[in-house]
Amino acid sequence: MLDRGATTIWEDWEGIDENGDAHDSLNHYSKGAVIRFLHTHTLGLRQTPGSVAWESFEVAPVPHPSLTWARGTHESPQGTITVEWRTTGDELTITVDVPPATTARVVFPDGTTETATAGTFRATRRMPKRR
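Numbering-wise, our numbering comes out as the position in the sequence shown, counting from 1, plus 4.
Since the hints were derived computationally from the structure, they do not count as laboratory data. These numbers were taken from a predicted model, which means no experiment stands behind them. Among the clues, some could well be false.
FRET-style restraints, in silico, Cβ to Cβ [what the hints assert, rightly or not]: (1) L71 / A127: 38 to 48 Å; (2) V66 / E22: 15 to 25 Å; (3) A127 / H78: 38 to 48 Å; (4) S29 / R109: 34 to 44 Å; (5) H45 / T97: 17 to 27 Å.
For glycine and all other residues, C-beta sits at the position ideal for the given N, C-alpha and C.
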């Protein structure tokens with residue numbers, strides 16, 4: 005998509021042919037919605053309400069028993085944000101790379117929070133018992 009000039013998510017990888025003719029939707033919301041869900045819930049990365057240019061963000065993953073890890077990046081105006089989380093047994097480890105002049109609020113499934121500033125943040129917490 006990017007090689008052919010896409011600025012949106014296309015319905016099909018080959019949405020525009022070599023002659024520049026479109027054959028499918030070039031702004032296909034359903035794939036964008038899935039990607040957004042993966043970023044905001046699985047990875048847990050969200051811009052803080054009221055934040056300008058991702059100067060502050062939150063990392064609050066929603067781990068599921070069928071997933072043991074997730075990793076992703078976001079190219080913010082402040083720099084690259086990288087989030088990774090892993091479960092090992094009953095523990096969750098979250099690692100966040102926070103760009104300069106940016107702060108992150110890290111929210112663990114047990115409700116505890118920590119503030120992370122520029123650099124690499126890493127912390128481990130026990131996962132709450134599932135009911």
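List of violated hint numbers, smallest to largest: 1, 2, 3
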